[in-house]
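S.K.: If you want the building blocks of each chain, they are given just below.
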Amino acid sequence: MREGLNQMGFVEAAYAIGVIGTLLLAAWSWLAMRRAEARRDRIKDETRGQ
Amino acid sequence: MSCQCCALVMHGFANPKRFLKIARWLTPLLVVSGLLIAGGALAWGYFVVPPDRLMGDTVRILFLHVPTAWLGMGGWSAIALSSLVFLVWRHPLAALAARGAALPGMVFTALCLITGSIWGRPTWGTWWVWDGRLTSMLVLFFLYAGYIALAQAVARDGASSRLPAIFGLVGAINLPIINRSVVWWNSLHQPPSITLGKSAIDPAFLVPLLVSTLGFSLLFGGIVLARMRALMAEMQAEARLRRKALGSELPQTKVTA
Numbered sequence: 000m001r002e003g004l005n006q007m008g009f010v011e012a013a014y015a016i017g018v019i020g021t022l023l024l025a026a027w028s029w030l031a032m033r034r035a036e037a038r039r040d041r042i043k044d045e046t047r048g049q
Numbered sequence: 000m001s002c003q004c005c006a007l008v009m010h011g012f013a014n015p016k017r018f019l020k021i022a023r024w025l026t027p028l029l030v031v032s033g034l035l036i037a038g039g040a041l042a043w044g045y046f047v048v049p050p051d052r053l054m055g056d057t058v059r060i061l062f063l064h065v066p067t068a069w070l071g072m073g074g075w076s077a078i079a080l081s082s083l084v085f086l087v088w089r090h091p092l093a094a095l096a097a098r099g100a101a102l103p104g105m106v107f108t109a110l111c112l113i114t115g116s117i118w119g120r121p122t123w124g125t126w127w128v129w130d131g132r133l134t135s136m137l138v139l140f141f142l143y144a145g146y147i148a149l150a151q152a153v154a155r156d157g158a159s160s161r162l163p164a165i166f167g168l169v170g171a172i173n174l175p176i177i178n179r180s181v182v183w184w185n186s187l188h189q190p191p192s193i194t195l196g197k198s199a200i201d202p203a204f205l206v207p208l209l210v211s212t213l214g215f216s217l218l219f220g221g222i223v224l225a226r227m228r229a230l231m232a233e234m235q236a237e238a239r240l241r242r243k244a245l246g247s248e249l250p251q252t253k254v255t256a
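In order, the protein sequences belong to chains A and B. Be aware that the first sequence starts at 0, since it is given in numbering that gives the first Met the number 0, and climbs by one per residue. Be aware that the second sequence starts at 0, since it is given in numbering that gives the first Met the number 0, and climbs by one per residue.
One or more hints might be untrue.
[Unchecked claim] Taking lysine-lysine pairs in the PhoX-like style, the calculated list, with each CA pair at most 20 Å apart, reads:
id: 1; chain 1: A; residue 1: K43; chain 2: B; residue 2: K20
id: 2; chain 1: B; residue 1: K16; chain 2: A; residue 2: K43
id: 3; chain 1: A; residue 1: K43; chain 2: B; residue 2: K197
None of these hints come from the bench; they were simulated from the model.
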């Protein structure tokens with residue numbers, strides 16, 4: 000059943016894709032939130048000054 | 000009466016100001032604790048858990064594959080529930096919650112499909128089979144893609160959020176199909192190992208699996224909150240810009256009149 004495959008190679012590939020994918024999603028969502036809130040605050044300050 | 004109480008509590012938390020007040024401290028807490036717990040559980044699964052009698056070392060993929068599968072389905076459950084709340088009570092925050100859950104749900108569904116495929120090669124001898132479980136999970140991925148495209152188009156054109164909400168509710172029909180697919184049809188995929196109150200998994204695998212699921216769930220919640228905050232900030236910025244544009248147009252209208 001195992002065909003003499005290196006099982007840990009499959010485990011490492013799955014972990015690498017899973018961990019990198021999850022970290023990218025978390026980092027991108029966090030940065031998008033910070034960027035959007037900074038833009039909102041900037042626009043708020045600009046429109047308040049007028 | 001209890002239903003009225005639930006509605007009152009829900010309306011209270013659906014207040015955008017109150018939501019932001021809670022989300023400001025809850026988002027980093029969920030993200031950091033989720034990363035730490037999920038990371039710890041994955042390390043536990045990789046370094047500590049013994050190989051399985053039948054699957055050998057590949058059983059370690061369990062600690063990534065199962066939480067992503069549950070959260071892929073959990074994400075659509077959140078979309079369906081938020082859509083129902085939006086359609087019944089018209090809470091704009093519910094529409095934001097549905098949009099916020101869509102991308103993480105789609106990413107976790109993709110991770111479930113990829114890790115499952117990697118797991119399938121050494122255990123089943125194939126990367127992919129068109130059976131009920133795998134196909135219905137792939138359908139879920141496409142449903143997410145369709146929902147995201149529809150919600151973005153509706154937001155861009157300023158149309159009603161009812162259309163994606165109806166799509167979110169109708170798409171939920173796929174969830175019981177995914178869940179029961181291994182019972183209804185012959186499949187290379189194993190039948191459910193964990194049902195309500197019962198588990199066929201040895202505690203050596205079950206405990207790190209539950210810890211991993213907890214960690215990924217916390218992280219999922221943090222990501223959804225971050226995306227909701229981003230969407231809310233974008234809406235507030237656009238609203239302010241529209242008010243500014245309207246204000247600058249008014250004097251012109253006076254002059255031309």
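S.K.: Hint by hint, say whether it matches the structure.
M.R.: Hints and how they fare:
| no. | hint | verdict |
| --- | --- | --- |
| 1 | K43/A - K20/B | holds (18 Å) |
| 2 | K16/B - K43/A | holds (16 Å) |
| 3 | K43/A - K197/B | violated (54 Å) |
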